[in-house]
Amino acid sequence: MAEQKKLAGYLCTGCGIGERLDVQQLTTIAVREGKLASCKTHPMLCSAEGVKLIRDDIDAGQVTHMMIAGCSRRAKIEAFNFPTVAISRANLREGVIWLRPNTDANRETTQEMANDYIRMAAAEIKFMSVPKSSGQQELNKRILVVGGGVTGMTAALETARAGYPVHLVAEEAQLGGVWNNLYKRVPFRAAAIDVVRNNDADLPRPEDPGIADLTAQINAESLITVHLNARIARTSGAPGRFTADIAIESGSTVTENFGAIIQATDYKPYDASQLPEFGYGKRPDVVTNFELEKLAKEANGAPIKRPSDGKEVSSVAFIQCAGQRSEQPGHLPYCSGFCCTESIKQALYFREQNGADATILFTDMRTPGAAGEDFYRCGQQSMVTFTKGKASAVVQNGAGLKVKFKDLILDEDTELDCDLVVLATGQIPHNGPDPYAQLAVEEAESEEEKAAARLKLENAPPSILNLDYRQGTDLPHLRHGFVDSHFICFPYETRRTGIYAAGPVRRPMDMKQAMEDAVGAAMKAIQAAENAARGAAAHPRVGDLSYPSFRKEGCTQCKRCTVECPFGAINEDEQKYPVFNESRCRRCGTCMGACPVRVISFENYSIDTVGQQIKNVEIPDEFSEKPRILALACENDAYPALDMAAQAARTGNGIELTPFARVIPVRCLGSVSLSWITDALNSGFDGIVLMGCRRDDDYQCHFVRGSAMAAERLSKVGDTLQQLKLETERVAVYEVAITDIHRAPQLINDMATTIEKIGMSPFKF
Amino acid sequence: MGDLNQAMIEKYRTSFLKEVEANVEEGEWVKMCMQCGVCSGSCPLGKFWNHPPQEIFMMIRAGKREEVLTSDAMWMCTSCYNCVVRCPREVPITHIMHGLAHYAKRLGLTPKNQPTAEFAQRFWNNLLKKGRVNELKLGVSLYFMNGIGPGVKTAIKMAPVGIGMQRTQRMSAMELFGGHAIKDLKGFHAIMQKAQELEALRIAQYSVAPRPTA
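Protein chains in written order, with the UniProt record's numbering: chain L, 1 to 765; chain G, 1 to 214.
Just so you know, the hints here were simulated from the structure itself, not pulled from any lab data.
Any given hint could turn out to be false.
Stated by the list, open to error - What the simulated footprint calls covered on chain G by chain L, stretch by stretch (three residues with Cβ under 8 Å from a Cβ of chain L suffice, anywhere in the stretch; the number is not a length):
(1) 46-60
(2) 120-133
Said to hold, decoys possible - Which residues of chain G face chain L? A few of them, derived with a C-beta cut under 10 Å, are:
(3) 15
(4) 18
(5) 35
(6) 90
(7) 91
For each residue, glycine too, the CB sits at the ideal point set by N, CA and C.
All chains should be built: construct the whole structure from the sequences, respecting the hints.
Structure follows, in structure tokens:
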């Protein structure tokens, strides 16, 4: 039953709003044009007294839908937190008075700006409702961890210790995975703070790998169930209600339900047979760093012997970046980030166990991690020779080997005799196939790209998660086969909600970093399970209860929403209608923007909530010299940038914004419907500026693909403009970062300049 | 001295770095250099060196014994300590440079007519005689370091300075004849004798004893 909407407005006159604007005019507009039942004013609405004013009205049942006019919707969210009513915010402070100069000449246009924001907020609120969770939710505290290496083991332990039951699925017969061969590990701690910086200081040394200890802890933990020699045969569902079929050793299948999933499948060692110049595969005394650990483990503290004839090694050379950081075919283009410390550790084996000369040939020594620099110093202190040089070949030299290299400091070609050569090779993510590999082949723009995409598709590894999602079986990749999770802003988050990536599967890293990663992913998985139980969104709209719904009778089954959803949240039912798995949804609205028949909406964000704002802007006639510019700004970056621009302008450090702009925040540029653009142009807007986040490989889009989808869609907007016989310059799309506090208002001002040049829109009535 | 050099070559055949560690003042620090090059960039005289400090350290590790010890580079150090202040590894680079120079001199490998080495020797000899530096004698001997002609030329050029200093009693021409000594010259010589004995003992501990000359 549709509830009676009770509309009311609250206007704050604090922070200079009362002095700069005609408050009487604003309240009149809210009531007369905005059709709000009332519009109360308060000199400081966010104060306890002001909040009480609103609270009392809500408690008295006088208001279900309210407009708050005052500061930006990003400010005072704690004060104006009324979860039982729908709220729209008119941004008069950051959006108007702070961005406009306080002069008599500007008073009229500034007031018009404020008037419009009141009209817009009043229109928006009529089309909003209070989000309520769908009722599909259940709390499932069980977490699935895929991968039995150090990352997976740590994730399982951390999750269990937080009180959440875990199923740990390992492909191997024992826990430890790729880390099992380690003889020792790179130390986890830096030197004590009071250790002097001397050449005989007490510095961290290689330590026990700790796998046995970790295994014992897992076995002792009653909340962890371990499945060895097991694989995931099928995963379905959504956060809070995942179902996984675990194929176990005996050939039978265990089916369990989970709240969230962590993929910690670690890495695969690089195949060094692609390095013929170093004689790998041809000469037994050329080994990889992974193989050396096995030799060291066999020696178990005694001198390490070379494989060819069992002679104790008396000199060893390490070749760093072997098959890495190189664009050559078959090489890894990236730095694996763990091999420098790994080689120092292995060189120390030889110094301590063999008393051998150990030389590390490096081009750039990089030692990330807590012990990093101290461990480097430890190697130097123990007389490991560090030579800045680039190795070109390894050749036989009697019974031993000769490494040819260029000394980069002394700038000369030289060589080094040794018994053993260790190639510091890299990590390859142990991932399933990229669900978009097929799409990449279809969408490739050049023959070269197509060939590369096809090669990737043909060499795709077997699936790990076997998701029954519409968009493929595994986590999407970004570059080099690593799971797409934002390196800086949102690690662990993948493009499949409730499934988190941890460890080298998302970027190359050493054991310590992998363990830290595991802790982060465990926390995110727990959060996802709990959020799913409440029907609340995960990152970045954490806690949002709204979810997409669609009008089935209007749907044409075009599948655009199911294809474009960056998170693969939407499946299809038997009749090819979309099925919105709301707990997989991040609430970006990309589906809404994609839908050509506009049937998808959220309770508090829809085609109408924005469309009505656009329609309610007052458009002065063609001869008024007052153009109108619509700016649709991403709420994650561009809108905050404009808010900050306002703060800067207020203190005299920023630039003012043209009074002709009307800014509307959108959840993501991906949610922008082309109907908004045509509506705006038809109702007489002179220019439209769309501001989203940086897209593609170096994306900053909080919804990963949202801004890319928008760019794709908007690339065709020129046709629309031409059909309307309008200049294509009237619509501009920009990538804006949150730091662009001068650029963001400037881009809108630029549009004003453009309109001055090309003239006003003829579509004014 | 040439024999000491030969003995050292034989003893440290495989590792010049170890030889430096054992024989050069602060030589144990050479292995801690991480080749960042800040020292070379900081050296005000760097562009006049044939091998800046970073390169010298790399050459030591690469076993380029002959090239390092006969190099002119470490003699160019003016002890400004800029490199020591800036070295992220806190390597006492200045000390090592002087240590290398000293070691090269002990082995008789100092480059011929190296002005710094020449000056250091003159300074030392001058100081030992009277327990204090006779600046007039040291200065005049430097004028004539490169022969009589250039010496006379420099002396004439510097004459007004000398006369000025004489007038203001900053210098006495009488110092040319003998010059005055410190109070207990005998005691000073005994101290120096003892110090040299101790130094010889220290060197002998680290390195092979010089073979008796045939």
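Now the hints, each set against the structure:
Counting residues of the stretch 46-60 of chain G whose CB lies closer than 8 Å to any CB of chain L gives 4, so the stated coverage by that chain holds, three being the minimum. Chain L is given as covering the stretch 120-133 of chain G, and this is violated because 0 residues of the stretch bring a CB closer than 8 Å to a CB of that chain, at least three being needed. Because the closest C-beta pair between residue 15(G) and chain L is about 8 Å apart, less than 10 Å, the hint holds. Interface restraint check for residue 18(G): the shortest CB-CB distance to chain L comes to about 8 Å, inside 10 Å, so the restraint holds.
The interface hint given for residue 35(G) holds, since its Cβ lies 5 Å from the closest Cβ of chain L, which is under the 10 Å cut-off. Here the hint on residue 90(G) is kept, as its CB sits about 5 Å from the closest CB of chain L, short of 10 Å. The beta carbon of residue 91(G) is positioned within 10 Å of a beta carbon in chain L (closest approach about 8 Å), and the interface hint is therefore held.
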